[in-house]
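Peer 1: Generate coordinates for the entire structure from the input sequences, incorporating the hints supplied.
The sequence shown maps to residues 41 to 363 in the numbering used here.
Heads up, none of these hints are tricks.
Label-pair restraints from in silico Cβ distances:
1) G316 with V119: 24 to 34 angstroms
2) R65 with W233: 57 to 67 angstroms
3) G85 with G315: 23 to 33 angstroms
4) L130 with G316: 16 to 26 angstroms
5) G230 with A282: 15 to 25 angstroms
6) G316 with D223: 34 to 44 angstroms
7) N304 with V92: 19 to 29 angstroms
8) V119 with W233: 49 to 59 angstroms
9) G85 with N194: 42 to 52 angstroms
In case anyone wonders, no lab produced these hints; they're calculated from the structure. In this text, a Cβ means the ideal position worked out from N, Cα and C, and glycines have one as well.
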Amino acid sequence: MRERDGTERKPHGTMPRLKQGADRRRIRGRLAGSAAVLLSLVLLGHELIPDVLGARLAIDSALPWLGLAIPLLLLLAAVARAKTAAALVLVPTLSWLVMFGGAIIPPPPAAAPPGTALTVATQNLAAGNPDPGKTLRELSRRSPDILALEEVVNPIDSAGLSEWPYQVRVGTVMLLSKYPVIDSEPLTLGLGWKRALHATLDSPAGPVSVYVIHADSARLTDHTPRNTMIEDLTRLISHDAAPRIVALGDFNAASYDTTMAGLNSLLTEAKPNSGGFGFTWPREFPLIRLDHILTRGFHDTGLAVQDTTGSDHLALHSTLNAR
41 MRERDGTERK PHGTMPRLKQ GADRRRIRGR LAGSAAVLLS LVLLGHELIP DVLGARLAID
101 SALPWLGLAI PLLLLLAAVA RAKTAAALVL VPTLSWLVMF GGAIIPPPPA AAPPGTALTV
161 ATQNLAAGNP DPGKTLRELS RRSPDILALE EVVNPIDSAG LSEWPYQVRV GTVMLLSKYP
221 VIDSEPLTLG LGWKRALHAT LDSPAGPVSV YVIHADSARL TDHTPRNTMI EDLTRLISHD
281 AAPRIVALGD FNAASYDTTM AGLNSLLTEA KPNSGGFGFT WPREFPLIRL DHILTRGFHD
341 TGLAVQDTTG SDHLALHSTL NAR
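Peer 2: Laid out in structure tokens, this is it:
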């Protein structure tokens, strides 16, 4: 249409709508870019987050799941047609891959001299387990040489333990072994009760220093006792001169929990042999790995998760080849 003076009339409201659309895209782009920067800071600097009101504990526990935000940010940047925001999303993407990419790639096969491989396992039996003997029978199907048990409260029939002639129990933790126990001792790990033990086993690979732990529960409002136990265990292992060490049990801490950093610097955690994170809790829908097998002087051939009845934790199995 034209005006009386011959000029062309512009459709009413077109320019405002175009401006509003551009403004919305600009806001979305800035939002995606800002969120990407924040996510990068959390991933790379989670150890620096103040441990106030359980904030760092919650973030440490959820670190692998933060990767789910990356495709959402990429989608938001694409909708906003924001190249800068898309570039910024690459930072948390690369950060996540550096942190977790190696953890979810299955380990390469490692050959062991004949007779020197050890199979180890750990299982939190659960204090309310009505039939721990049944859980133990399920674990025995994989016939681990060394088995660590936590929350051993209800009696276990002797027949279920017969596969492991050498046994050490301290409080509610127990070590079952097919190999002779050279020595053993209870560990308080800085607390007034015994929920951990140390033993030296005479294995075909030579003496193995074994630590079994059931760390105190971690609550958002109070996880100091758990931290104390893990830190004290780290101190003990740092002074252990044994060439071969296995530390296993329920640490009540995720692999990337800040409190595990010292222990991770001394020992190597077994990786799932099928890829993935090997989450163990809760059993019905695992969201986090609270149970761990960490070693020194071994090549692990992978970590396997086993679903057993009666517990709220999944069991972990690993085959270790002596170096």
